[in-house]
Amino acid sequence: MRAGQEIVVEIGGVPIRLTTTDSAFRKLLENRYEGFVCPDSCGGAVIEVDLAPPGPVAEAGDVQVSLEDGCWAIQRGDFHATWDPATRRGTVRQSPNPYSMDTALRIIHTLLLAEEGGFLLHAASGIRNGRAFLFSGLSGAGKTTLARLAPGNATLLTDEISYLRPEGGGYRAYGTPFAGELAKVGENVSAPVKSLYFLAKGPANRIEEVGQGEAARRLLRNILFFAKDPELVKRLFDTACRFVKSVPAYRLTFYPDERVWDLIR
Amino acid sequence: MSDKYIARSAAIAARKLGDEMVIMSGETSSVFTLNEQATAIWEAADGVTPLRTIVETKVCQEFDVAPEVAYRDAEELVTDLARHGILLVSDQPVLPAG
Numbered sequence: 096m097r098a099g100q101e102i103v104v105e106i107g108g109v110p111i112r113l114t115t116t117d118s119a120f121r122k123l124l125e126n127r128y129e130g131f132v133c134p135d136s137c138g139g140a141v142i143e144v145d146l147a148p149p150g151p152v153a154e155a156g157d158v159q160v161s162l163e164d165g166c167w168a169i170q171r172g173d174f175h176a177t178w179d180p181a182t183r184r185g186t187v188r189q190s191p192n193p194y195s196m197d198t199a200l201r202i203i204h205t206l207l208l209a210e211e212g213g214f215l216l217h218a219a220s221g222i223r224n225g226r227a228f229l230f231s232g233l234s235g236a237g238k239t240t241l242a243r244l245a246p247g248n249a250t251l252l253t254d255e256i257s258y259l260r261p262e263g264g265g266y267r268a269y270g271t272p273f274a275g276e277l278a279k280v281g282e283n284v285s286a287p288v289k290s291l292y293f294l295a296k297g298p299a300n301r302i303e304e305v306g307q308g309e310a311a312r313r314l315l316r317n318i319l320f321f322a323k324d325p326e327l328v329k330r331l332f333d334t335a336c337r338f339v340k341s342v343p344a345y346r347l348t349f350y351p352d353e354r355v356w357d358l359i360r
Numbered sequence: 008m009s010d011k012y013i014a015r016s017a018a019i020a021a022r023k024l025g026d027e028m029v030i031m032s033g034e035t036s037s038v039f040t041l042n043e044q045a046t047a048i049w050e051a052a053d054g055v056t057p058l059r060t061i062v063e064t065k066v067c068q069e070f071d072v073a074p075e076v077a078y079r080d081a082e083e084l085v086t087d088l089a090r091h092g093i094l095l096v097s098d099q100p101v102l103p104a105g
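Protein sequences, first through last, are from chains A and B. Throughout, my numbering is defined as the position within the first sequence, counted from one, plus 95. Throughout, my numbering is defined as the position within the second sequence, counted from one, plus 7.
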C-alpha cells in the first residue's frame, strides 16, 4: 500500500477510513464526499478498496446482502464488498466510479447503525430552530420538492437519505452526502429530531396526526435495509417501534409551494 | 361443533403500540397492524384456548359484539393471518413454539 492513498469519510459521526492504492480514485472520493472528509480522524472502521477495470457492461442490478461465517457479503452487479462487524473492517472490489462505493457505504452504515438502534431512512431532513424535521416517503412522494422549498433559516441535512441515531430518550438526525434529485449533499451537522412527517402531495397544506401503529408500519416501509438476517430484521422492528414511541409522527399533505414550511415548527 | 386453535408464529416480531398490535413477518418483512379487537384475539392465541372461547371472553364481553358476528369475523381474521404465515391455525391444540 502506498502511503497517503486514504481518506476518512465521517457520516453520522461514524468515521470510516477508505484505503486505495490509486491516487486518482482517492481524489474522486475526496470530491464525492466533500464536507464529510475528516483530515485527521482515528476511526476504527476501515474499508480497503480494490479497483478492478470496468467491465464491458456495467449493469448494477439488485443488491444482495448475506451473512457468511459472521462476515457480511454485499454483492451487486457492479461491486462486491465484505464487512466484518467484529473487526469493523471491510473490502470493496469495484471499478473506479463513485456510485459503487456510495451504495457499499450506505449498506455498511445500515449494518453499523442496526447494532446501536439507528437506521437510514428514505427521508429528506432539515434543521430549523435547532431541531431536526424528517420528511419521509418513497420515490415521488415529494422529498426533493420539500427540500427545494426550504426557507433560508433551515439547514438541509439531505433530500434523500436521513441518518438517525438514538440519543438519550430520542433520536438525532445527521446530514448525509447521499443526495437525491437535488444533487446537493447535505450539511455535515446534526440536531435532535423533533418530528417525522410522512409526505403526500395534495391540493392544500394539511397536517394530521398518525397513530403509533400506522407510523411504525410506514416507517418500516421507508427504512433502508438490505440484509435478510432474521435477528437483524427483529432488531430493526424494535428500533422502529422505539422510534415512533419517542418521536411524534404526522401525515403532511402539501401543495408544492414555500407556504408548506409555515407548518413546520 | 369442532373448534379452531390458534397460536402465534415464532417467525414474527410483534409490539403493541397504543391500542394496535404491529406485527412483522421475519420471513417476508411484511408489516401488519391489528385493530383493538384483532389485537385481543392475537394476544389470546396461546394454542390451547379454543377460538370460540377467545371470542366469547375477549371480544364479545370487551367490545359488545354478538357472538356469531364476532366469531365469523374472527374466523376471517385468523384465516387471513395464517395465510400470511404469522398465525398457526389448527383443529387440534397447538404446542407453543420454542
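For the record, the hints were derived by calculation from the structure and aren't laboratory data. There may be inaccurate statements among the hints.
[Unchecked claim] Calculated from the model, a selection of chain B residues having no Cβ within reach of chain A, i.e. all distances over 10 Å:
1. Y12
2. R22
3. V29
4. S36
5. F39
6. T40
7. E63
8. F70
9. A73
10. D80
11. H91
12. L95
13. S97
14. P100
[What the hints assert, rightly or not] Only part of the chain B face toward chain A is listed, based on derived beta-carbon distances under 10 Å:
15. D10
16. A14
17. E27
We put the beta carbon where it would ideally sit given N, CA and C, even for glycine.
For this session: Against chain A, does B/R22 hold up as non-interface, every C-beta pair farther apart than 10 Å?
Result: violated (4 Å)
Exercise. Are all beta-carbon distances from B/S36 to chain A longer than 10 Å?
Worked result: The claim is violated: B/S36 sits with its nearest Cβ about 6 Å from chain A, within 10 Å.
Exercise. Hey, does B/F39 actually stay past 10 Å from chain A on C-beta?
Worked result: The assertion about B/F39 is violated, with a minimum of 8 Å to chain A.
Problem set entry | Status of B/E63, Cβ more than 10 Å from any chain A Cβ | Given that every Cβ of chain A is farther than 10 Å from that of B/E63, nearest at about 26 Å, it holds.
Exercise. Any Cβ of chain A at or closer than 10 Å to B/S97, or is the non-interface label fine?
Worked result: holds (24 Å)
Problem set entry | Hint validity - B/D10 Cβ closer than 10 Å to any chain A Cβ | violated (29 Å)
Problem set entry | Verdict on B/L95 as a residue remote from chain A, using beta-carbon distances over 10 Å | Given a closest Cβ separation of 18 Å, the condition holds.
Exercise. Was the hint right that B/A14 lines chain A, CB cutoff 10 Å?
Worked result: Where the cut-off is 10 Å and the nearest Cβ of chain A is about 19 Å from B/A14, the hint is violated.
Exercise. Can we trust that B/D80 is non-interface, i.e. its beta-carbon lies farther than 10 Å from all of chain A?
Worked result: Fine: 19 Å to the nearest Cβ keeps B/D80 off the interface.
Problem set entry | Distal placement of B/P100 relative to chain A, Cβ over 10 Å | holds (27 Å)
Exercise. Just checking, B/T40 versus chain A, shortest CB gap more than 10 Å?
Worked result: The claim is violated: B/T40 sits with its nearest Cβ about 4 Å from chain A, within 10 Å.
For this session: Could you let me know if the closest chain A CB is still more than 10 Å away from the CB of B/Y12?
Result: Given a closest Cβ separation of 25 Å, the condition holds.
In this structure, the earlier hints numbered 2, 3, 4, 5, 6, 15 and 16 are contradicted, and the remaining ones agree with it.
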